[in-house]
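Letter by letter, the chains look like this.
Number of protein chains: 2
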Amino acid sequence: MRLDHTHDIGARSWVESANAPQSAFPLQNLPFAVFRRAGTAEAFRGGVALGDYVIDLDAVATLGGLSGMAAQAASACAQPTLNAFFALGPDAWRALRHALFAWFKAGDATARTGVSIDELTACLVPRNEVEYALPAQIGDYTDFYTSVDHARNIVKLMRPDGSLSANFQWMPIAYHGRVSSIGLSGQPVRRPVGQRLAAGKREPELGPSARLDYELELGIFIGVGNEQGTRIPVESADEHVFGLCLLNDWSARDIQTWESVPLGPFLAKNFATTISPWIVTMDALAPFRTALARPEGDPQPLDYLSSQALPDQAAFDIQLEVALETADARRSGKRASRLSRTSFRHQYWSIAQMVAHHTIGGCNLRSGDLLGSGTISGPTASEAGALIELSRAGQSPVELDTGETRSFLEDGDAVVMSGWCERAGFASIGFGESRSEVLPAMWE
Amino acid sequence: MRLDHTHDIGARSWVESANAPQSAFPLQNLPFAVFRRAGTAEAFRGGVALGDYVIDLDAVATLGGLSGMAAQAASACAQPTLNAFFALGPDAWRALRHALFAWFKAGDATARTGVSIDELTACLVPRNEVEYALPAQIGDYTDFYTSVDHARNIVKLMRPDGSLSANFQWMPIAYHGRVSSIGLSGQPVRRPVGQRLAAGKREPELGPSARLDYELELGIFIGVGNEQGTRIPVESADEHVFGLCLLNDWSARDIQTWESVPLGPFLAKNFATTISPWIVTMDALAPFRTALARPEGDPQPLDYLSSQALPDQAAFDIQLEVALETADARRSGKRASRLSRTSFRHQYWSIAQMVAHHTIGGCNLRSGDLLGSGTISGPTASEAGALIELSRAGQSPVELDTGETRSFLEDGDAVVMSGWCERAGFASIGFGESRSEVLPAMWE
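For the record, the sequence lines run as chains A and B.
So the first sequence is residues 1 to 444, counted in full-length UniProt numbering.
So the second sequence is residues 1 to 444, counted in full-length UniProt numbering.
Bound conformation, chain A alone (with noise of 0.2 Å):
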């Protein structure tokens, strides 16, 4: 997408929390989510960040003053997910975005015939009054592996004289996970039991996992997908993709050493992964494209992994960090501790590389899919996603600003992951956080 008047710097919103410098959800910004009142037994549906506010899109919808694809939009919106939304495709996106930004910029009472400001202000809801739902009903997540950086650090620590595995710059290398665990920040996670084998013995045993772990993702949603033996050329992937979130893939590494030869891992990953309540539009990500950082040397993608269309403009500048919050903290009122800080812009692969190569063997995408990025991890040690890459797999647990030390996690640390975009000449956005609380094992 090209930058049109909805990345202009200069627009502001007549809705002024929209407008302070802090505010992750500025005009410029615009995600969705599903969402109801708290604690009310209302329908969820779609709804717009809008400074200190949800736009309530089935109060839009029933509003009226909408016309053509912005309305056949909004209507979408006012279900319980966002799926028929998302299948409507990006002109619709785009549509429903446009008419929001005119309805609610200051100073363009043309743009509102028809439509007061009462009217609209009647559609706002104090965002610290709602509660979430998943945005859509997923069909499908799928994990990716794309940092290199991620993957490297992750050799050293397994085998000293590793190395990367010899298809990892030739592919986007992803997995299949699970659906029916994914929720919303806020999720408290329970530590997963599993088997684990001991240094030096032969026979597993049954346990808590000692070695929980978070890795720092975005989560991709899919807008529109594909038909069943058909691909998606990675020219045109990107309109595909209706935006992102971010994506907190929990993970037991003990468990998953012992269980991940040869297909893979399964109860290590599948017992919870917790997303964000806000989807970040690609349309609102579009000032904070950069270049996809492939070291010179390494050898070319095949065709169907080639982007002629946006060469520069294929990775994307988000800032993202992750904290940690333990329990101690928590009681004496102490912040959370920073543990890392990096950027997507380090990714190896691109999300429009992701989806082709999903569908290059002809596997169906679906309105609502969800891809995970693969572990964000930057070049520096400082940069890592996981816990496991920052404490050297225990060799160096991590100081807290508390005082405290982590190797892993340990039960009422919760997990704060936040992410914002920020480039001169333009609004920055944000993602808000995901953040989710860690919960003894069951374990008798």
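Nothing false has been slipped in among the hints.
Intra- or inter-copy, both count: the list cannot distinguish identical chains.
With a straight-line Cα cutoff of 25 Å, these simulated SDA-like cross-link-like pairs (lysine to any residue) come out:
1. K156 to S343
2. K201 to S165
3. K201 to R294
4. K334 to S382
5. K201 to Q169
6. K156 to P262
7. K156 to A381
8. K201 to R152
9. K201 to G162
10. K334 to E321
11. K156 to P379
12. K201 to D303
13. K334 to N128
14. K201 to P299
Everything labelled a hint here was simulated from the structure, so no lab data went into it.
Fit chain B to the known structure of chain A by using the hints.
Leaving out everything else, chain B in the frame of chain A:
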């Protein structure tokens, strides 16, 4: 489940075709599918096979005459998926089974109080006039790897000096599969395109899979799931399973070899999975339970995988056969060639163990989830459940009855799987078949 009157070999139906000795669907079977009259715009709804007919459960529910759980079950089956019916649980499944058994049994008019044979006859749709839909909305699909003979065959082919992975004897290994591309018997399957690394080469190339294969499996439909963070004990796991169908886990071996390290199969499997339309219930299968064949000297499973409840009845003696119909055979009116025949009783891990393992870490199963048993191979060479085993990865091409040979599948080949159970003193029951044809790759 204990045996009851619905397993009596003497019970006959007034629907005469159900009493034919070769019928897959006698009164003792009563498997479930979702169907409608072919080529119409009728709503899909649940049905039960009886002889040459489908009992239309929407019509049954409308009839009245059922009460309590049986009535509730029939109403749930009137929907276009069986998920709501599954969620009612085993007492409801049995109540409907018992009610249908009584209604359609010959010579027991007292069981049909208030419902006439004419009214029941009006609920029958000729089976050769219907088309099917997936029986449930499948939330997640998990594919297991539980045949030790298959595992040994594959290890021998891949690494002549290799041995079974150390975890095989300790857990039913599994990975998550793709839901979107699961289709029904009859779905054409397009040969996938993907990356393959030719022998001796350092760079992969893209092209149609040259090693397309099938895998003979059973599909296992979860009836009742569990809450996230809880587990299903092995002792009660069978009560969570609704029933079984045939499953073809299509596999592109060349794509699989190159992509599977380190995270397991992805594009090699996700282009298609084919299941048969009829789900044979666990209750119908009760007479065919048998002991699980864990060899003497193998380690005993950990407690959470040890069933004390049914020590000699954890496995099912289900006869399975794979046949190949080539395009040439089809043109000249020849029969399909049998490739292999085996029984599910050779499996190393039971269905109950798969369910218990899947949930030990707190992963939630949901009504309508599908598990694949993993490739079912028996102890002898002719019992192998995949072409790669039968042809020894192409070293010994299989000779077909038509005089043709196959190392892997060719375009136009139809893979036909069938299954049935037989045991002295009990009525034989069948699964019907799964049949699917290979289309040429989309490849310019």
